[in-house]
Amino acid sequence: MSLSSDGFSVSQLPIGEVKNGCSILLTGEDTDALKSVFSRLTAADENERSVVLATNAGGRSIQRSLNDARRNAGSRASILTAEGPGRGEDVSSIDDIGDLTQVGMQFSTLVATSQQSTARFRSGIFLCSTIASEVHDTRSVFRFLNSNFLTELRRGDGIGVVAIDRSADLETNVDSMISGMETSFKARIDVEKTGYNEAKLDISGISGSDGTVDIEL
Amino acid sequence: MSRTVLCVNTEERISEVSDAINAEENLSPIETTSVNEAVETINDDSQSIVGVVTSYELSDGSGMDVIQAVRERIPQTPVVLFTDVSPAEIDTASFEELLVEYLNRDLPDADDRLGFIMNDIIDHSAQVSFLAPDNEDERLEALAEYDIDELPIEESFQRITDLIAAHFDIAVAFVGLIEKDEENFLACTGADWDSLTREDTMCTHSMLQEDVMVVEDIANDKRFNKNEQLENLGIVSYAGANMTSSDGHVIGQVCALDHEARSYSIEEKHQLEQYADTVMEILELRQSVLEGRRPEVAQ
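Here the protein sequences come in this chain order: W and P.
Just so you know, the first sequence maps onto residues 1 to 217 in the numbering used here.
Just so you know, the second sequence maps onto residues 1001 to 1299 in the numbering used here.
Hints are computed from structural coordinates only; laboratory data are not their basis.
Please note: incorrect hints may appear among the correct ones.
To be verified - Below are the SDA-like pairs computed for lysine to any residue, each with C-alpha atoms no more than 25 angstroms apart in a straight line:
id: 1; chain 1: P; residue 1: 1222; chain 2: W; residue 2: 171
id: 2; chain 1: W; residue 1: 186; chain 2: P; residue 2: 1245
id: 3; chain 1: P; residue 1: 1180; chain 2: P; residue 2: 1153
id: 4; chain 1: W; residue 1: 186; chain 2: W; residue 2: 154
id: 5; chain 1: P; residue 1: 1222; chain 2: W; residue 2: 207
id: 6; chain 1: W; residue 1: 193; chain 2: W; residue 2: 61
id: 7; chain 1: W; residue 1: 186; chain 2: P; residue 2: 1211
Said to hold, decoys possible - Covered by chain W, according to a simulated footprint, are these stretches of chain P (three or more residues, beta-carbon under 8 angstroms):
id: 8; stretch: 1146-1157
id: 9; stretch: 1274-1281
From the three backbone atoms N, C-alpha and C, an ideal C-beta is built for every residue, glycine too.
Isolated chain W, as found in the complex (with noise of 0.2 angstroms):
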């Protein structure tokens, strides 16, 4: 049942197309720069959905990021938030974000429901280092992003962005933990914030935009 389709375009980042089914690990040691990247990937364009679980930020705060990476992108996007209330058809709250068993069957039923309307999406984790610090058991991660995440990639016409913040506490070797996820992710953008509003992106694993580039946040 997996579909092939054309490349995903990328709002206001020097980025080519991503190709249908390519999970990208987005890593980086500054919170707001990570959510303006990972907002500019995820952004539905006109016949998509985005799919997005929040654990740091509330629904409208999503929304709002999508809208500015691309407009009306907060529109059309299905928003799992642990933060604020589930305000708005397309915005739903959990309470517990250690919670995983209840998170992953919220997710993947809003990724099934946003295939009823359109079977483009972008799917997005942000921030998948603070799920790691809430579970009991980092193994549990993993077992989310494979049953949850990566399936729905690989069955699915979508791309899908996973975000972690470096420098959470996670008890442990962080450096370790990611150089591992990045041989599972097909692709690997780390953020560096580098002035007030400005970043240099190390892409790697989408063709063509491979290599170092400064952006404006």
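We have chain W; now place chain P onto it with these hints.
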């Protein structure tokens, strides 16, 4: 080869689920209608269950009890929760890190999708608690190129693990190959291990790292400090170097373990890599000799 799938549902609905599984040529259902019956089947090794589909509401408990039994007994086995109860109504408070594929039975094509999903999650080991490299299929093919059972490598590798243990003054050294679902130990000094379920191993994390992975004290690393298997084996510190095939695939690990916390200098990490390279050289040479001895097939 037929794949055995455990189906758990109420007496009224079990046949519908069983029929949906049976509709797939390579799937073979086993029917159970209660948590107790399901748990007995899960604990029965002779059944060789490779997938589970359960409803949420059962006469003597819930589908979450079934999933918990799967995670405890056959943790890498994928499970589908097939129910018309919405996620928000499912009580997961006591089952926060079980993880499962949720398939809403109210979807118009749910029965048709069930068989496809079951095959997909079995094919891709889709619910394991470790991340596999993106090129896992090619890696496993590279590993299968070696006729491990036919190669006289055991004594050579045993000598090397003896040397590693003595050189680093550690409790355990081993050479392990990382298969799809488990790590098989070809030689081991200081312990008597045959194999470990892959998600219980540290090597499945180490193999994803280009350089030597060192964990000085497992108690301080959340990836490993809740792993009962490691605790039972008494492992406290770990260093693992990649066994890399000539075509660049990591097929196994050469490891140094100790029952005490310890660090490794840059020089010591390099030495462990050299041991791993030596192991690979022996493996490649033995394989070449074996292939050279095989009679050519007449054209």
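Hint check: residue 1222 of chain P vs residue 171 of chain W, CA-CA at most 25 angstroms. Holds or violated? Given pair residue 1222 of chain P, residue 171 of chain W holds - Cα atoms ~6 angstroms apart, limit 25 angstroms.
Starting from residue 186 of chain W, check that the Cα of residue 1245 of chain P is at most 25 angstroms away, please. With Cα atoms ~22 angstroms apart, residue 186 of chain W and residue 1245 of chain P stay inside 25 angstroms; holds.
Pair hint residue 186 of chain W and residue 1211 of chain P, alpha-carbon separation not exceeding 25 angstroms: Holds - the C-alpha atoms of residue 1211 of chain P and residue 186 of chain W are around 20 angstroms apart, at most 25 angstroms.
Below or equal to 25 angstroms on CA atoms is what counts here, so check residue 193 of chain W against residue 61 of chain W. Holds, because 21 angstroms separates the two Cα atoms, which is no more than 25 angstroms.
Would you check the hint for residue 186 of chain W and residue 154 of chain W, treating anything up to 25 angstroms between C-alpha atoms as holding? 12 angstroms, holds
Assess, step by step, whether the Cα of residue 1222 of chain P is no farther than 25 angstroms from the Cα of residue 207 of chain W, and give holds or violated. Distance ~34 angstroms between residue 1222 of chain P and residue 207 of chain W Cα, so the pair is violated.
Check whether three or more residues of the stretch 1274-1281 of chain P sit with their beta carbon closer than 8 angstroms to a beta carbon of chain W. It is violated: at least three residues are needed, and the stretch 1274-1281 of chain P offers just 0 whose Cβ sits closer than 8 angstroms to chain W.
So if I understand the rule, the pair passes when the alpha-carbon distance is 25 angstroms or less; does residue 1180 of chain P with residue 1153 of chain P pass? 22 angstroms, holds
Quick check: do three or more residues in the stretch 1146-1157 of chain P have a beta carbon closer than 8 angstroms to a beta carbon of chain W? violated (count 0)
The structure fails hints 5, 8, 9 (numbered hints given earlier, in ascending order).
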